[in-house]
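**Student:** Residues per chain are reported as follows:
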Amino acid sequence: MEAVQDYTALKSELAAAANDHGEPKWVVDQRLAAVDNLADAALPEVNRFDIHRWPLTPAEPLTFSQSNGDLAANVPVAADHIQIVQVGQTTVTVNLPAELADQGVILTDIFTAFREHPDLTQPHFMTEIIKTNEDRLTSFHAAFLNSGIFLYVPKGVVIDQPIELHLVQDSTQEKHPLISHVLIVAEADSHFAVMQHLTTQGDCANLASCMVEVLARSNSEVHFSSFDELGPNTTTYLNRRANISRDATVDWAIGLMNDGDTFGDFDSELIGENSKSDAKVITLTGGRQRVGVNTRVTNRGKKSTGNILQRGVIMEKSKLIFNGIGHIIHGAAGANAEQENRVLMMSSKAHGDANPILLIDENDVLAGHAASVGQVDAKQMYYLMSRGITKAQAKRLVIRGFLSAVLQAIPAKDVRQNLTDTIERKLENGAEIE
Amino acid sequence: MATLEVKDLHVEVKDDEQNKTQEILKGVNLTMKTGEIHAIMGPNGTGKSTLSQTIMGQPAYHVTQGDILLNGESILKMPVDERARKGLFLGMQYPAEIQGVTNAEFLRAAMNSRRADDDQISVMAFLKELDKNLELLDMSESMTERYLNEGFSGGEKKRNEILQLLMIKPTFALLDEIDSGLDIDALKVVSKGVNSMRGDNFGSLIITHYQRLLNYIVPDVVHVMMGGRIVKTGKADLAKTLEKEGYAGLRDELGLDVELVDEN
Ligand SMILES: Nc1ncnc2c1ncn2[C@@H]1O[C@H](COP(=O)(O)OP(=O)(O)OP(=O)(O)O)[C@@H](O)[C@H]1O
Ligand SMILES: [Mg+2]
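Residue numbers (the numbering used here), protein chains in the order written: chain P, 1 to 434; chain H, 1 to 264.
You may find that some hints are simply not true.
Claimed, not checked - With a cut-off of at most 20 Å between alpha-carbon atoms, the simulated DMTMM-like pairs for lysine to aspartate or glutamate come out as follows:
| hint | chain 1 | residue 1 | chain 2 | residue 2 |
| --- | --- | --- | --- | --- |
| 1 | P | K413 | H | D257 |
| 2 | P | K379 | H | D15 |
| 3 | P | K379 | H | D117 |
| 4 | P | K391 | H | D117 |
| 5 | P | K379 | H | E105 |
| 6 | P | K175 | P | E60 |
| 7 | P | K391 | H | E23 |
| 8 | H | K14 | P | D377 |
| 9 | P | K379 | H | E17 |
| 10 | H | K188 | H | E156 |
| 11 | P | K303 | P | E221 |
| 12 | H | K86 | H | D119 |
| 13 | P | K413 | H | E105 |
| 14 | P | K379 | H | D16 |
| 15 | H | K26 | H | D15 |
| 16 | P | K391 | H | E97 |
| 17 | P | K379 | H | E12 |
| 18 | P | K302 | P | D377 |
| 19 | P | K349 | P | D377 |
| 20 | P | K395 | H | D117 |
| 21 | P | K379 | H | E97 |
| 22 | P | K11 | P | E23 |
| 23 | P | K131 | P | D40 |
| 24 | H | K128 | H | E105 |
| 25 | P | K391 | P | E424 |
| 26 | P | K302 | P | E221 |
| 27 | P | K395 | H | E82 |
| 28 | P | K395 | H | E150 |
| 29 | H | K26 | H | D257 |
| 30 | P | K303 | P | D361 |
| 31 | P | K395 | H | E105 |
| 32 | P | K379 | H | E82 |
| 33 | P | K319 | P | E428 |
| 34 | P | K391 | H | E82 |
| 35 | H | K192 | H | D138 |
| 36 | P | K395 | H | E97 |
No lab work stands behind these hints: they were computed from the structure.
Input sequences plus hints: build the corresponding full structure.
**Tutor:** Take a look at the structure:
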């Protein structure tokens, strides 16, 4: 996949591109340090799932270019929504109500934030939540970052309306990886919801390396939901992680509806006492798609509570691995960790696995897990059909019910409806293999 | 007038755990017409639920002999959903729970399943009908936004079966122990629901263990089932006699060779 790289040449090229892009020195330095790390960093571990031959670190030089704003034509832009729309590296729209800006809320593209708010970005960007030198994928991401968003919500600010982050991958161009980073800082006592929507325009085969870092300070509450529908020719690496302080909550509701191969790494670090996280992931796989998900909750704080719920439906010849990783660190007395991982098989040619992995280093905890790989429940099918509902519709209802956990957690009705429609469309397209 | 005929019905069920097949129904004969309410009584394990499930088409039950005819047409080869759309309904002893699908959404899907694509029920018409039936059954509106039977109490599930009956309006309703687990008030409410369906275009087969239900829903015909057969058919007072004399008495009177679960 990638040629043996001349790291010295790579670094000077990278520095030149970043400098031309007007990036502050600390950003360029961080990129270069990431390149140094790239030389011998390993890929992350994914239990029972192999990503070694995936094109996750393509050898394209860092370039910056404008994308055609028309590619965002399908994004519902509305002046009364709080939203930022990006096509590739180009920010098309930013709607932030003046009263929020007056309160100090920042919603902007990440490079602007690096320049204008180094005090708010430098301490947090890939330093303490997701770290640059964790593995090959994080190093690659830090080195070749070419797009992103910064969201800052000051102390005590409560935002009722969801904040929409729309990202359209521009795959009308060859060799055009999307390496996008969302950094969210929730100051103490702030309270808001974020909805991320990922889509692809164009058919070129490209990488999407999309990260989200959330710093949730004490007593803040962040509800993050995503609707990921990147295209069939996109190889996707998602890494979403939150550091959660005392009395703070971060919830994840992830609708993983990409059409291409996807590796997802979702992580809640329950650092503070009484911190909470609820991580829900649903997915539906088809064709020869391969999807591997690590959803991890680490209880570090006393009386911290973390739940994982993962549900997937696998069709045709696809493959899905759900790893639910619950780690309770010694000292996290009174911690609570529950997880449930379920896979519904719609085809005997599909392969699915649901693995709860529990690492418990503390005695005074409550932990539980459930996992299953099975078929549509025959009793439920019979019941629905006994009311006249056709077999095909009964199946759709049962599956939609099975996936409903994430649907309910999405704060906007139209997005819920769109996700429902996507699920129905995927089910209809998925040829039946008994 | 519609008819439902069960002719010399023999049914086997395969016990998956023990991997053996067992004949449960051993020649059941029964004819019902719309306008009639039939009741079936009989000891535990005698095949009452098997009969209703077989009529509905539950795939675990295999017909080895005989036939089931709806308006003269055999339904044995029809899948469950088709039988339902032809007018059959089974109020189940143990209804399934389905997460993530609301009761209201399910009811609409069920009603629409028997209507043409260009004649689906409007939201307004649906809600009007729903409100009317909720009131009749003394059910709160919130029940319809809850997930189908999920977390419903035993009594709520039974009421919900009757709500479906009233919304779907089948030709023949097989009601399997709709009275079990109901308190007295609920029993009256459920009976009121069934009675509201009574008329020339509706027939019902009510399976029950208790004569009390038949005080509220007075049957035209009472059948007694024992050992996989209907052994006696009579009027409403047959239920009262049974209540007094028990199944052993009837068995001995008829000279049947049937073992009852509660004997010895
Ligand atoms: N799916 C099944 N698998 C195995 N055995 C079954 C199955 N269904 C019924 N049986 C057996 O068939 C016999 C009749 O059962 P059925 O449920 O029809 O009885 P019933 O008359 O409805 O009893 P009750 O009054 O207790 O509800 C029982 O011995 C039961 O164990
Ligand atoms: Mg029974």
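**Student:** Between the alpha carbons of K379/P and D16/H, is the straight-line distance 20 Å or under?
**Tutor:** holds, 15 Å
**Student:** Under the criterion that the straight-line Cα-Cα distance not exceed 20 Å, is the pair K391/P, D117/H satisfied?
**Tutor:** Roughly 16 Å between the alpha carbons, so the hint for K391/P and D117/H holds.
**Student:** Verify the proposed pairing of K379/P with E17/H, using a straight-line Cα cut of 20 Å.
**Tutor:** Status holds; Cα separation ~17 Å.
**Student:** Hey, K175/P versus E60/P, does the alpha-carbon distance stay inside 20 Å?
**Tutor:** holds, 7 Å
**Student:** Given the proposed pairing of K26/H with D15/H, does the C-alpha separation stay at or below 20 Å?
**Tutor:** holds, 17 Å
**Student:** Run the distance test for K11/P versus E23/P: straight-line Cα separation, threshold 20 Å.
**Tutor:** Between K11/P and E23/P the Cα gap is close to 15 Å, so the pair holds against 20 Å.
**Student:** CA of K319/P to CA of E428/P, is that 20 Å or under?
**Tutor:** With a Cα-Cα distance of about 18 Å, the restraint between K319/P and E428/P holds, given a limit of 20 Å.
**Student:** Hint check: K395/P vs E82/H, CA-CA at most 20 Å. Holds or violated?
**Tutor:** Since the Cα atoms of K395/P and E82/H sit roughly 16 Å apart, the hinted pair holds (cutoff 20 Å).
**Student:** Tell me if the straight-line CA distance from K413/P to D257/H falls inside 20 Å.
**Tutor:** Distance of about 64 Å is beyond 20 Å: violated.
**Student:** Taking only the CA atoms, is the gap from K391/P to E424/P under or equal to 20 Å?
**Tutor:** This hinted pair holds, its Cα atoms lying about 15 Å apart.
**Student:** Given the hinted pair K395/P and E97/H, is their Cα-Cα distance within 20 Å?
**Tutor:** Roughly 14 Å between the alpha carbons, so the hint for K395/P and E97/H holds.
**Student:** Hint check: K391/P vs E97/H, CA-CA at most 20 Å. Holds or violated?
**Tutor:** Between K391/P and E97/H the Cα gap is close to 17 Å, so the pair holds against 20 Å.
Hint compliance for this structure: hints 1, 3, 7 and 18 are not met, and every other hint is.
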